[in-house]
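Q: Once you have looked at the hints, place chain R on chain H.
Protein sequences, first through last, are from chains H and R.
Just so you know, we're using UniProt numbering here: the first sequence kicks off at 1 and counts up by one.
Just so you know, we're using UniProt numbering here: the second sequence kicks off at 1 and counts up by one.
Wrong hints could be hidden among the right ones.
Examples of chain R residues lying across from chain H (beta carbon under 8 Å, computed) [to be verified]:
#: 1; residue: Gly48
#: 2; residue: Gly104
#: 3; residue: Glu112
#: 4; residue: Val133
#: 5; residue: Pro147
#: 6; residue: Gly150
#: 7; residue: Leu154
#: 8; residue: Leu191
#: 9; residue: Leu197
#: 10; residue: Pro199
Treat the hints as calculated values from the structure; they're not laboratory data.
Note that this is a predicted model, so its numbers are computed, not measured.
Every residue gets a Cβ at the ideal spot worked out from N, C-alpha and C, and that includes glycine.
Number of protein chains: 2
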Amino acid sequence: MNQPSKRDAKGNAPRDRIIDAARRLFGAHGFHGTTTDKLATAASVSVGQIYRLFEDKDDIVLAIVEKNVGDRVGEMREIFAAVERSEISMVEAIRAVARTALKGEDAGLFYEILAGACRNSSVADRLEPMIDVYRDGIQHLAASARPDVGQAELGAYVDIMMACFIGLGHRTAISRCVDIDVTSENAACVLIRALGLSPSI
Amino acid sequence: MNQPSKRDAKGNAPRDRIIDAARRLFGAHGFHGTTTDKLATAASVSVGQIYRLFEDKDDIVLAIVEKNVGDRVGEMREIFAAVERSEISMVEAIRAVARTALKGEDAGLFYEILAGACRNSSVADRLEPMIDVYRDGIQHLAASARPDVGQAELGAYVDIMMACFIGLGHRTAISRCVDIDVTSENAACVLIRALGLSPSI
Numbered sequence: 001m002n003q004p005s006k007r008d009a010k011g012n013a014p015r016d017r018i019i020d021a022a023r024r025l026f027g028a029h030g031f032h033g034t035t036t037d038k039l040a041t042a043a044s045v046s047v048g049q050i051y052r053l054f055e056d057k058d059d060i061v062l063a064i065v066e067k068n069v070g071d072r073v074g075e076m077r078e079i080f081a082a083v084e085r086s087e088i089s090m091v092e093a094i095r096a097v098a099r100t101a102l103k104g105e106d107a108g109l110f111y112e113i114l115a116g117a118c119r120n121s122s123v124a125d126r127l128e129p130m131i132d133v134y135r136d137g138i139q140h141l142a143a144s145a146r147p148d149v150g151q152a153e154l155g156a157y158v159d160i161m162m163a164c165f166i167g168l169g170h171r172t173a174i175s176r177c178v179d180i181d182v183t184s185e186n187a188a189c190v191l192i193r194a195l196g197l198s199p200s201i
Numbered sequence: 001m002n003q004p005s006k007r008d009a010k011g012n013a014p015r016d017r018i019i020d021a022a023r024r025l026f027g028a029h030g031f032h033g034t035t036t037d038k039l040a041t042a043a044s045v046s047v048g049q050i051y052r053l054f055e056d057k058d059d060i061v062l063a064i065v066e067k068n069v070g071d072r073v074g075e076m077r078e079i080f081a082a083v084e085r086s087e088i089s090m091v092e093a094i095r096a097v098a099r100t101a102l103k104g105e106d107a108g109l110f111y112e113i114l115a116g117a118c119r120n121s122s123v124a125d126r127l128e129p130m131i132d133v134y135r136d137g138i139q140h141l142a143a144s145a146r147p148d149v150g151q152a153e154l155g156a157y158v159d160i161m162m163a164c165f166i167g168l169g170h171r172t173a174i175s176r177c178v179d180i181d182v183t184s185e186n187a188a189c190v191l192i193r194a195l196g197l198s199p200s201i
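Bound conformation, chain H alone (with noise of 0.2 Å):
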């Protein structure tokens, strides 16, 4: 008997199977051009188990966000203990978060997921807390370029970073011949100046 609850041959349990799977489709035929059907199948798993572990379809794309942020964040904690080391400089370190915005993995979810949030405020109140783990990561590089500065000041830095950093994909999704080593050591030495810094810091 199939009993798709279960780990499967890689120890992956359903909820990470399904996630997985959905990431794979949704960014392949949108979000609403997966049905559940179709996700049941590639993750192998019942569409009765789907939604016994996820609410609905934007409870599964916010769990891929979470995972994609919770990533990102992960990236970005190194890149501090690399600053910390003084192994990188800080210009090298925004660029490497620059980079990651530029390479637009996963971008097309996010930014769906904003469109679900900017008219669903449900979506918007299970996405903020997500968008404050990675904001708090933007504080740290900031409040690590600028110990000297207060509160406020330090808020406006990151606003402008933050920005930057969800708007940069724009660039990869509607161009695929972008220069990622260009376009993200330009935005690293803009963004050190706004922090009122040298790029060769």
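A: Positioned in the frame of chain H, the structure of chain R alone reads:
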């Protein structure tokens, strides 16, 4: 006999009525939550007419985005003219553009079509020229602020400003209590410094 192809009492052509109705309905219920039937009723046209005037729903969203970009570029031209007449400062000009981005009118639809562009290159190809029109406006603003720099440096400024203005909408998407005055003022001051200028300019 009902003649839905004709202009209505206010003189609006069917295409404009469909765009206006779609803007309202997509904004309230989302792109995928709006059926063609409902759209036809709201626009006082037949379903057939929608299909004759637009290839598909993406085509309607692109038409809305095109109209919005046109409106925004129109507003930017007024802002440039005011800067050239020395009626407002460069900081005030950038703050005005940031305010529009933060107000986030139709931001949901923009993020939705950006999500579509991430997975569908034909959507990306149609979105690109609209983004380019907006980019030209921002480039004009950056060139007025820094007439002394070359194209490469100008391009770096424009990238950051574009990313910022596109990304700023996330604030209003996830939170209904953003202080637009404070955030746009901060954005303008930080961006002016990013451009290598003093906020008093």
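Q: Closer than 8 Å between Cβ atoms is the bar; does Pro199 (chain R) clear it against chain H? Give me holds or violated.
A: Where the cut-off is 8 Å and the nearest Cβ of chain H is about 11 Å from Pro199 (chain R), the hint is violated.
Q: Holds or violated: is the Cβ of Gly104 (chain R) closer than 8 Å to a Cβ in chain H?
A: holds (7 Å)
Q: Quick one, is the Pro147 (chain R) hint okay against chain H at 8 Å, beta carbons?
A: violated (18 Å)
Q: Using Cβ atoms only, decide whether Gly48 (chain R) comes closer than 8 Å to chain H, and label the hint accordingly.
A: violated (24 Å)
Q: When the nearest CB of chain H is found for Gly150 (chain R), is that gap smaller than 8 Å?
A: violated (13 Å)
Q: Does the interface hint hold: is Leu197 (chain R) within less than 8 Å of chain H, judged Cβ to Cβ?
A: violated (10 Å)
Q: A closest beta-carbon separation below 8 Å is what the hint needs, so does Val133 (chain R) meet it against chain H?
A: Result: violated, 12 Å to nearest chain H Cβ.
Q: Grab the minimum C-beta distance from Leu191 (chain R) to chain H and call the hint holds if it beats 8 Å, violated otherwise.
A: OK, holds: Leu191 (chain R) within 8 Å of chain H, min 7 Å.
Q: Quick check on the hint: Leu154 (chain R) CB to chain H CB, less than 8 Å?
A: Violated. Min distance 11 Å.
Q: Holds or violated: is the Cβ of Glu112 (chain R) closer than 8 Å to a Cβ in chain H?
A: holds (4 Å)
Violation of the numbered hints given earlier is confined to hints 1, 4, 5, 6, 7, 9, 10; the remaining hints are satisfied by the structure.
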